[in-house]
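Participant: Residue numbers (our numbering), protein chains in the order written: chain U, 1 to 215; chain P, 1 to 254; chain B, 1 to 219.
Keep in mind that the hints are not guaranteed to be accurate.
As the list claims (entries may be wrong) - Straight-line C-alpha distance at most 30 Å; calculated DSBU-like pairs for lysine-lysine:
| # | chain 1 | residue 1 | chain 2 | residue 2 |
| --- | --- | --- | --- | --- |
| 1 | B | K10 | P | K204 |
| 2 | U | K204 | U | K26 |
| 3 | U | K199 | U | K26 |
| 4 | P | K179 | P | K121 |
| 5 | U | K26 | U | K109 |
| 6 | U | K109 | B | K10 |
Said to hold, decoys possible - Computed beta-carbon distance windows for the label pairs:
| # | chain 1 | residue 1 | chain 2 | residue 2 | range |
| --- | --- | --- | --- | --- | --- |
| 7 | P | V170 | B | F35 | 16 to 26 Å |
| 8 | B | F5 | U | E68 | 28 to 38 Å |
| 9 | U | E200 | P | M154 | 42 to 52 Å |
| 10 | U | E55 | B | A204 | 30 to 40 Å |
Stated by the list, open to error - Computed footprint of chain B on chain P, listed as stretches where at least three residues anywhere in the stretch have a Cβ under 8 Å from a Cβ of chain B:
| # | stretch |
| --- | --- |
| 11 | 127–133 |
| 12 | 136–148 |
Keep in mind the hints are simulated off the structure, nothing from the lab.
We put the CB at the ideal spot given by N, CA and C, even for glycine.
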Amino acid sequence: MGLNVENLAARRGDDLLFSQISFELKPGEALVLTGANGSGKSTLLRVVAGLLRPEAGHVSFVGAADGEARPAGEVSHYLGHRNAMKPELSVDENLSFWQDFLGDSDGGKGLSILEAAEEVGLGGITHLPFGYLSAGQQRRFALAKLLVAYRPIWILDEPTAALDAAADRMFARLVSGHLAAGGIVLAATHQPLGLDGVKELRMKGFAGTVQDIAA
Amino acid sequence: MSTTSLVISKVTGLANPTRFLALAARMIPWMAVITVLLFAAGLYMSFASTSDYQQGYTVRIMYVHVPAAWLAMMCYSVMALSAIGTLVWRHPLADVSHKSAAPLGAAFTLISLITGSLWGKPMWGTWWVWDARLTSVFILFLMYLGIIALNRAMDDPGKAARVSAVLILVGFVNIPIIKFSVEWWNTLHQPASVMRMDGPTIDKAFLWPLLVMAIAFTMLFFTLHIAAMRNEILRRRVTAQRRLAARMAGRGEE
Amino acid sequence: MMALFLRDLKLSVRAGGGALIGVLFFMTVVAVIPFGVGPDLNLLSRIGPAIVWIGALLSALLGLDRLFQAERDDGSLDIILMQDTPLALTVFVKCLAHWTGSCLPLVIASPLLSLFMNMNEVAIGAVMLTLFVGSPALTFIGAVGAAVAVALPRGGLLVSILVLPFAIPVLIFGVSATYAAVEDPAPFMPPFMILSALTLLFAALGPVAAAAALRQSSD
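Bound-form chain U, shown alone:
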């Protein structure tokens, strides 16, 4: 049960960014990746999400319902540096599109758009075009996107960039709520998330060249 990462390695060009990374996250557990810029945090997240092919190792998720292993990407939310929202459409249109398109994974149910907007503290302005909002507000609605469709795993890349202190607390509340409901969170950040009892993985960057693996 949970997210399983075994012996993962990935490269950029000829250099290995990381190798032999293994961890296991059970429902309700969170892992925070820390490290300097370029240490491979984003790459590791994209490999786990299934967006990049690993050089070695594999990633799998075993669900509570069927006990079958499947690619982790299918049951994950991925929030990258960009918000995946269209500035021409209203917040409401954006969120309802993602709600319909993503659908709920087994074992949970997403919030309605109104509830999700209330959760991120911006209940009254879902009718506005996304492009009118400030960077912080846009990021908050990108977080609301995680709530409208249920996914057991959240993969978050610098989720609190562009957020102020109040929004940081709001984010910590969302994450602990997700963990309490049996979710898994995998986040890369260099700011403290304000969460207790999370594992931490320190990325060092450069783990040798590709030839090292072969040898």
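Got chain U sorted already, so can you dock chains P and B onto it with the hints?
Facilitator: This is chains P and B only, laid out in the frame that chain U set:
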């Protein structure tokens, strides 16, 4: 009456959109009534007029075609004046004026093109020929559409207005070309018969309905133009309010 | 999937969308032809179907490069790639939405431009019908080019260059079906059936190839 919007934007240079809105609210009903009355009279006169011995009933297309073509050119001239207002005086009403005139100009140009080809099919035996007059009017139509597309493509209305003002002024060279194309080139389209230095050559029986229709079309244009300007101003205020709402949201919790 | 279709359609009609620009480009391309070849009506009516088809082909390619690039720029593409719905199906729906938003207006505008080309009623109907049947093929071929060029910063021109050679068969049979409808000896159905077959073929092939290209381009 016809120059109210221009007088406001050019002479005083002080008129603010709010005063314009108040003025527009008072004027639009009156102008609409006058337009309807003029159209009633003009259409009655058009249908009551005798038919041409060569053209038969198709001559009546002229009562729509000619005023629409005049309006197509006049609308562009209004836009060019507004464009000067935008570039020289930087007056916000001028921005609104040429932006809201473009769709009207496109509509009048389309009407003149369609009525022209409806007339051309029985008279010339073809819907369309590529002679100088028709081609230059078609280019005018494309220019209107281009200006509309340019305005739509830009987010910031102030910047869009300045850029399209430059485009409008550059495109103004087309207007004299349209006007004099029938004289400079030997075209299938007949030369001007009303607006001539030596007086109109058209028969009085056709001239009066044509003039009434022309005035009716002009009134229609200015009524629609002022209404469209009002809508554009209101639309910008709604946008401003929504941006304000976005800025205010989420302030409470800090 | 319906949600994706509706969203893409909305985006193409909203401010800055491609629908109006495509039609405008179409009209401008067709309008400059008489300046080049001269205003001879007989000549124009003879080359008219080909001109309208070429104009539609070029306009159909115009907005294609943004098909996936816009999704990539704001990060939506990542999320679309992660889902367990077949990617080819998603691409297919995106193509349909793009066709409805950008190519259908061209089909609707084509009779007007055919009049400018002095074509008769049969030819106008034939051009409209062949464009209606043939233009989806252009979108599906274009999707492959758009997917291949998605990661390139200035992919727009490259997409056109990549796609045009594959669009030639569609052009050949579209134009020859139109001429067959106008000129008596040649039968209309054979080229028209081949055109339909091309559309169906590319409707099956294009999304699969585009999906494969999108998977490779992720970084």
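Participant: Look at each hint and say if it fits the structure.
Facilitator: Against the structure, the hints come out as follows:
no.	hint	result
1	B/K10 / P/K204	violated, 53 Å
2	U/K204 / U/K26	holds, 25 Å
3	U/K199 / U/K26	holds, 12 Å
4	P/K179 / P/K121	holds, 23 Å
5	U/K26 / U/K109	holds, 20 Å
6	U/K109 / B/K10	holds, 27 Å
7	P/V170 / B/F35: 16 to 26 Å	holds, 19 Å
8	B/F5 / U/E68: 28 to 38 Å	holds, 31 Å
9	U/E200 / P/M154: 42 to 52 Å	holds, 47 Å
10	U/E55 / B/A204: 30 to 40 Å	holds, 34 Å
11	127–133	holds (count 5)
12	136–148	holds (count 6)
Violated hint: 1 only; the structure is consistent with all others.
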